[in-house]
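Using the sequences plus the hints, can you model the full thing?
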Amino acid sequence: MFKFVLRALWRKLWTLVVISIVSFGVIHLAPGQPSQIDPMNPRFTKEQLLRYRAAFDLDKPLPVQYGLFYQKLFTGQLRSFKDNQPVIGKIIERAWNSFPLFVVGTILVWCYAFPLGIAAAVRRNSVFDRLTTVLVFALISIPGFYLSYLGIIFVVETFHVDVIGLRTFGRESAGPLAGAMDRVWHLVLPSALGVTAGVAVLSRYVRSQMLEVMGSDYVRTARAKGLDEDAVLYRHALRNGLLPFVTMLGLLLPGLIGGSVIFETIFAWPGIGRLGYEAILGRDYPVVIALNFMAAGLTVLGTLLSDLLYMVVDPRIRL
Amino acid sequence: MRKTAADARSPFRLAWRAFLGNRPAVMGMAIVAGFFTIALAGLVLTSGSHPLLDPREVRLPDKLKQPFARPNREAVPAASLPRLGVYLLGTDELGRDVFARMLEGGFVSLSVGFVAVGIAVGVGLVLGGIAGYYGRSRIGIGRLRLLSVDALLTSLIDVMLSFPSFFLILTVVAVLKPSIWNIMVVIGLTSWEGTARLVRAEVLSLREQEFIHAAQAVGAPGPRVIWRHLVPNSVAPVLVSATLGVAGAILTESSLSFLGFGVPPPAATWGNILSDGKRYIFDAPWLTVIPGTAILVVVLAFNLFGEGLREAFNPKLRER
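Residue numbers (our numbering), protein chains in the order written: chain H, 1 to 319; chain D, 1001 to 1320.
No lab work stands behind these hints: they were computed from the structure. Since this is a predicted model, take the numbers as computed values, not measurements. Honestly, I wouldn't trust all of these hints.
If you want the footprint, here are the derived chain D segments under chain H, 3+ residues with CB under 8 Å [unchecked claim]: (1) 1063 to 1076; (2) 1157 to 1164; (3) 1250 to 1256; (4) 1295 to 1301.
Partial list, computed: chain H residues near chain D (C-beta under 10 Å) [to be verified]: (5) 14; (6) 28; (7) 238; (8) 239; (9) 265.
The beta carbon of each residue, even a glycine, is placed where N, CA and C say it ideally should be.
Take a look at the structure:
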């Protein structure tokens, strides 16, 4: 088992190295040297060029540039082009803003996807199952931005509350209770809309997983013993059926930094996704590279964690 | 032609019958077929220097007209009146005919979906085939044989899967400047991992079967074995995932257009019609509802169609 863990670690380490190279390489995709001033482009000034040089050490060979970039990133010397703040600090600050969305979203996903998937599997081929199947596919297929606008119109017209941004502007003095309600209203819509696709996809997985377990021999044995259906389903089938979803705990990790670009842009939510969008719009390359690298890195860490978790809960894996 | 009993029970027939029994999937297929027709008709009707329905004709007196509104014959010059005599789906903030713009955008969505998925499937087939067939041979520098082909390619897949794909696509498109070709290529090159995994797994299991050994015994070279024997036998699940991939690509393109990194104007896509229309959401809701619903219907149809195919061609799913 120790050997297995060590091997997994070694592989993930290599993946991380390749990820760092790819993230760094993306900005070199642009045709021509970034240092060549384009006389036709009024936005690329001499001053910008100097900043670019300082951030990426363009006068050094490529491998050295790569090494220096990550050294600067981790020592906090790498600064955003836009406001000269350290990149790491900016990302942590914005991730903290995305955190409430992430927590509420995760709770919503788990509270809706599991009951929905289990109920659909138990009542396979019933009207309920067919209806949820079509509904799930509709939720997967609807563009998030379209759904958001429908949601905004609905909430604004029926409840007359403001939902854009972190809180209503100019209502800071309204007292703690009103302030809290205001925060809740601003939080509910983006988190609920942001997770619709997640709920849909996860409930499909839960359904097929449950169906697979319900078709297995030991469930038939449990039925043959004369156990009542609830005990068969919820004490025998469900326990094994939910096993793979333990791995999801690990995969939650990248969600900490992977706030949704679309939803945070629509709802003017100052989180990670919006930071990324602003950075891309403003050609703030240090932030863009760091975000890509950190998001991918957290995914790798998440898969490592989920592999280990799976090994703990499922003894069959350890062989 | 007379039907024989064996004919009726061929795997394809069985799968087809199972597919026809799945009503949502058949409806999905019908909508997909309809979408093809409309998109191709749209290409014919809206392209050329004097198109039948001009999606770029600006008529400022007729801006933000409701669907089925008639044009203002006094203010709009006769040459730029809509050919149909009515704005079927209304007009946008520049008085452009939304019906014509939707037709033009339909073909953009179709071509982005198919070209991007074509690229993804192509890359996935080649890399997956190589990983499965040559997986055991080792590569390295000089005499150092560091790692196997399989380890190299699977870790490449791991790397690609780790990136948040939408943000990566956004980054690359922003660096390369948005154009329809860049978008197709970037979506394609960031979504081949699933296909490669599928093909690799299929090839690994097929590789040890007799017909492959027979092909190797008569001296067929590796690429021929992969291309003529292994790939055709592993292509069914790939085609199913490609159908679902088209849905994903259309959705990604519309999201990019929505954020302003899509196909640049004046070309119309469903994403940028919606993106332009969102500013008039309370005055002209049709500018949001029409493209949004169109994207929803087409993507849903591709998803239902693909899922139906998957269920029909997978005996395990069919019988349960």
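Right, here's what the structure says about each hint:
1. 1063 to 1076: violated (count 0)
2. 1157 to 1164: holds (count 6)
3. 1250 to 1256: As far as the region 1250 to 1256 of chain D goes, the hint holds, because 3 residues have Cβ atoms under 8 Å from chain H.
4. 1295 to 1301: That given contact holds, which follows from 4 residues of the region 1295 to 1301 of chain D lying within Cβ reach (below 8 Å) of chain H.
5. 14: Holds: closest Cβ of chain D sits about 6 Å from residue 14 of chain H, inside 10 Å.
6. 28: holds (9 Å)
7. 238: violated (18 Å)
8. 239: violated (20 Å)
9. 265: holds (7 Å)
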